[in-house]
Amino acid sequence: MSNAAKKINLNLKVWRQKNAEDKGYFDVYKAEGIDQDASFLEMLDVVNEGLSKQGKDPIAFDHDCREGICGMCGAVVNGHAHGPKAKTTLCQLHMRTFSNGQTLVIEPFRSRALPVQKDLIVDRSAFDRVIASGGFISVRTGSVQDANNIPVEKKSADLAFDAASCIGCAACVAACPNASAMLFVSAKVSHLALLPQGQPERSRRVLGMVEQMDTEGFGNCSNEYQCEAACPKGISVQNIARMNRDYAHARFTSED
Amino acid sequence: MLKKYLSSSIGKKQIVALTGLAMVLFLLAHLAGNLLIFKGADAYNAYAAALKEFGALLWVARLGLIAMFFIHFVFIFLLVKQNRQARGVQYSEPLHANTRSLSTKLMPVSGTILLAYIITHLMDFTFTHSNIANATVCGDYLGLYGLVVNHFSNPFGSLWYVIAMFAVGFHLTHAVQSVAQTFGWNNSKYTPFIKKTSVVVGIGIAAGFAAVPIYVFFLACGTSSCTLG
Amino acid sequence: MSKQLESHIPEGPVKDKWTKAKFENKLVNPANKRKFKVLVVGTGLAGASAAATLSELGYQVQSFCFQDSPRRAHSIAAQGGINAAKNYQGDGDSVHRLFYDTVKGGDFRSREANVHRLAEVSSNIVDQCVAQGVPFAREYGGLLDNRSFGGAQVSRTFYAKGQTGQQLLIGAYSALMKEVSTGSVELFTRREMLELVVIDGKARGIIVRNLITGGMETYMGDAVMLCTGGYGNVFYLSTNAMGSNVTATWRAHKKGAYFANPCYTQIHPTCIPVHGEYQSKLTLMSESLRNDGRVWVPEAKNDKRKASDIPEEERDYYLERKYPSFGNLVPRDIASRNAKYVCDEGKGVGATGLAVYLDFSDSIKRLGQKTIENRYGNLFDMYEQITGSSPYEEPMMIYPAVHYTMGGLWVDYNLMTSIPGLFCLGEANFSDHGANRLGASALMQGLSDGYFVAPYTLGNYLAQQDLAQVDATHPDAVKALSSAQERIDKLLAIKGERTVDDFHKELGLLLWDKCGMSRNEAGLKEALVKIPKIRDEFWENVNVMGSPGELNQTLEKAGRVADFLEFGELMVKDALERKESCGGHFREESQTEGGEALRDDENFAHVAAWEFNGVGEVPILHKEALIFENVALAQRSYK
Ligand SMILES: Cc1cc2nc3c(=O)[nH]c(=O)nc-3n(C[C@H](O)[C@H](O)[C@H](O)COP(=O)(O)OP(=O)(O)OC[C@H]3O[C@@H](n4cnc5c(N)ncnc54)[C@H](O)[C@@H]3O)c2cc1C
Ligand code: HEM
Ligand code: FES
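Chains as they are written, first to last, in this note's numbering: chain A, 1 to 256; chain B, 1001 to 1229; chain C, 2001 to 2639.
No wet-lab data here; the hints were simulated from the structure.
Treat the hints with care, as some may be off.
What the hints assert, rightly or not - Distance ranges between label pairs, derived from CB positions: (1) C:GLU2345 - A:GLY24: 23 to 29 Å; (2) A:GLU49 - C:GLU2320: 53 to 59 Å; (3) B:LEU1115 - A:ASN19: 42 to 48 Å; (4) A:ASN149 - C:LEU2027: 27 to 33 Å; (5) A:ASP158 - B:PHE1026: 40 to 46 Å; (6) C:LYS2020 - A:ASP123: 32 to 38 Å.
Stated by the list, open to error - Counterexamples of contact, computed for chain A against chain C with all Cβ distances above 10 Å: (7) LYS23; (8) GLY68; (9) THR103; (10) ILE121; (11) ILE137; (12) HIS191; (13) THR215.
From a predicted model like this one, the values you see are computed outputs, not experimental measurements.
Even glycine gets a Cβ: it sits at the ideal position worked out from N, Cα and C.
Take these sequences, add in the hints, and give me the full structure.
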């Protein structure tokens, strides 16, 4: 690996914004001598180390696991949520994707429902509130039956798993022309709707979550499927279809 | 219940899809009628006359259609407005330039062309009644048939119509499969088929409708205009 | 001032202890639970499950984490699976076998009573998770699938592809959010705990920094639970998430909580090797790869040929050679240590010489590419993503990396630390895994602590207290707040030359060298001299930019590194004190003739619990003797 690694230079145009109230602007930086084996975030680390040494405020960005699983990282790079590579989070995007001399425009995920807190960091608490509006199965600890008393058809179990692999990073919102959160919400609705355990609250859940989603100020789905294209976990828009169906059904059959 | 449904994003979207679908069905029927033009003036006028026979019922249908159209438009307006607000600050770089399909991107544009088109279309054919002045072809009064032929012999008349049909095609290649998604019919087994159907319907409707002005225009201009009729 | 270590293990046969404890525990009247407020710090498996369950029981709960959402706690990264003694495969598993395996796996340095309880509740955990909708892998018949993991002789591991941690955490998180929706859990995200408030000798509150506004906030309650995860990041490079830290437990330690066995760290053998200066973290490659991959290095030193150019007879399959019966499947610590040995001899591969091959070509030949792809496809893709090289074509390169920390705050059988009212759950405490953790048992322990143990034992504590009403204006709370504030101001005032990461790297490298895979007296002593120097320089020459009253990531990092610089010293001290080899702690002075770890049960069958005595001062050691009544002490052998 390292034997072949090349160093490249890049021009960065990065969104800087002091806090939620600040208007924000683009600043330009040079990223020099970047190892192509480095990840995108490691490239930002190098730039930040340089900025600190010059006494400048480093670029703030969210990250934690750096393994593509926690959903903490994310930015829009040259118009692509999590960068140009499919099914990849920003922390797993490696610099060999880019070429020497390229200009990278780095912007935060943009949505009115996910306001910028600083530079590339956005507030995703809207997602937590959506989950709190029904994204669970109400079982009390200890009050459950033996796990194998609930057989689940393998196909449904697999589909539920696929939906549940959502990491809540919000790239779907960032990539949607309408800043809609339908992929995120439907992934949770589907995960639980596909399992027998999720049936008792199925109607209540979809109604509650969709209502909260709308309240948060996300846009509407226009079936453009950019969310699916941007999703680092490849969550399918079939989940959105399932939620559409469930929602209409629940609205007209339940008493809520 | 209905109020909540209509104020929700999914509810609004489903109303758009429902009204859109109704209009597609109308278009298919309308197309079948239009294509009678290839059978000649008699067949075409007979069809128009048969429609008139429905009398009051025809008006109910027309009102229904207008309602569909109006509801479609109003809900689109609401959705698009929310969508515009949802982004907040715009991106500086075009978003996902290479994964968005043109027909999808252009839904509001194709829709707006349709709006303009439908207004001119109604003015040209529905509210304009055929008379000696506008429906005489080579000295024969040919009723609605004549009106159509004369209108499309005019290059601007046909060109606008053809452009509009492109817009319909664009609108519907995305829209028909989109309806399935909106109502929740998306699974690995049928979706590829639905997507193909959508393209076929889109292109079919566009080509079918566009065939009329093209046929009229080229026959009318290419040969002596009196080969028609 | 030093307290006696009282482990509060119930009397009686090991298999009845937990039942007995549950019966004898004092209960809080259901109507009174509302009156108690519990502060739960951390939202990983341990924290989220505890907060949710306490709230279900009726307590008022406040839940804290430093990420933007509880769902992002580091538990999310666990790949392999979770153990439970269900015996669904009918292969002879039982509570006793899981208990036995875990005590033995921990190299006889854990409490029998705790481990037995863990094995007992393991089944309930899986039931609970399934009821919450955790999508575990299933068979065609619709029942749960299991696999054998980490060299276990039975298939008791439940898994959800390579994302078990994520699925379990989402389950616990959804249980937590269910309670948030009823209003009985209050969520405080982007808060970092910086101080513990102790009043009348009892834990009564915490001081946190709001990471968005930079404001300091005080939260008071009747008990505090620290569920803040492990301290692997003291090594700078580890498989832990970037934010994992020792701050919460360390600050509690400074307030009187004993820190137990800090030198027990687990080094995982199969990680992607370090490949550059800029590197910020290491990525784990699942242990399951060793089922089909063969580990080797070139026979000759400094052999720079491509792997494919090295003929079969010039390769050293050193694990198969040294451990013929276990081969490539020897336990983690042995696999790791041997990789280090061959690299130290100069046989390592890759640009840095710090890597060994994990070769799948034989398996691909034998089983076909398709089978290998089915088994490891996603791991191979991940490897290629990171390194740019395809394991189907070239052997993988791997090297050991810090992965898990068995040490942590000392807790009694009730998971209470030496400060009354301060509980510690999950990876943050020291219990259950002894000197070495078996694969798939950390997830089990976190959920056991949170769902099934702490909710009972907390009641027992609260029922016996007569706690005074206190609020944020209490002098001890005010003092704690100002001391946290002063520390921040001090960090920002230094305005030195070196970056925070620079110091962190220096500390990490030193610890990796002297207190990593193998340790010796001279090296440990050297580290004990160097660490205080690095720390002193840090406090004189670190450069922390920005101001306190804003989102300031450098400041956050600086605070964590400052604590690592104090904690690191204790870790080395503990390693020096423990003159035996056991589990993840290999003392070169204590090995068999064959070079294997040699325990010294006579002198070291104890928990080393350290009491804080001032920064740079010699800490006080308390020993809790470990008594083995159900599992016979034996030397591990994998030859
Ligand atoms: C890559 C990897 C793979 C693993 N695979 C497995 C596996 O297959 N099976 C297995 O059993 N185990 C595995 N483990 C180990 C296991 O994942 C962890 O030990 C376990 O999840 C720890 O859970 P926890 O709840 O104790 O802490 P964590 O999940 O680490 O949670 C810590 C919480 O505390 C909060 N916190 C920390 N410090 C502060 C502070 N100062 N102030 C406020 N909040 C704070 C954080 O925000 C977070 O919410 C793996 C570990 C790693 C690194
Ligand atoms: C006033 C003129 C029109 C405008 C402005 C318009 C606009 C739009 C827009 C923007 C959409 C996408 C909505 C979204 O996904 O959020 C849409 C969808 C649709 N339109 Fe139109 N349209 C118009 C006329 C028509 C006509 C005449 C038809 C039928 C022939 C039609 C059929 C449809 C259908 C079927 C959909 C798909 C609904 C879905 O996605 O589920 N529209 N329209
Ligand atoms: S940092 Fe966790 S997904 Fe990128």
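Here is how each hint holds up against the structure:
Checked against the hint of 23 to 29 Å, the pair GLU2345 (chain C) and GLY24 (chain A) fails, with Cβ atoms roughly 55 Å apart. Taking the beta carbon of each, GLU49 (chain A) and GLU2320 (chain C) are about 43 Å apart, not inside 53 to 59 Å as hinted. Between LEU1115 (chain B) and ASN19 (chain A) the CB atoms are about 43 Å apart, so this pair conforms to the stated range of 42 to 48 Å. The hinted window of 27 to 33 Å between ASN149 (chain A) and LEU2027 (chain C) holds, with their beta carbons roughly 29 Å apart.
Remark: the range hint 40 to 46 Å for ASP158 (chain A) to PHE1026 (chain B) is upheld by a beta-carbon distance near 42 Å. In this structure the hint that LYS2020 (chain C) and ASP123 (chain A) lie 32 to 38 Å apart at CB is violated, the actual value being about 48 Å. No beta-carbon of chain C is positioned within 10 Å of the beta-carbon of LYS23 (chain A); the least distance is around 16 Å. Non-interface status of GLY68 (chain A) relative to chain C is broken: a Cβ of that chain comes within 10 Å, the nearest being about 8 Å off.
Non-interface status of THR103 (chain A) relative to chain C is upheld: no Cβ of that chain comes within 10 Å, the nearest being about 21 Å off. Non-interface call for ILE121 (chain A) relative to chain C: violated, since the shortest CB-CB distance, roughly 7 Å, does not exceed 10 Å. Residue placement check: ILE137 (chain A) does not keep its beta carbon more than 10 Å from all beta carbons of chain C (closest about 5 Å). With a least CB separation of 7 Å from chain C, HIS191 (chain A) falls inside the 10 Å interface cut-off, contrary to its annotation.
The Cβ of THR215 (chain A) sits about 14 Å from the closest Cβ of chain C, beyond the 10 Å cut-off, so the non-interface label holds.
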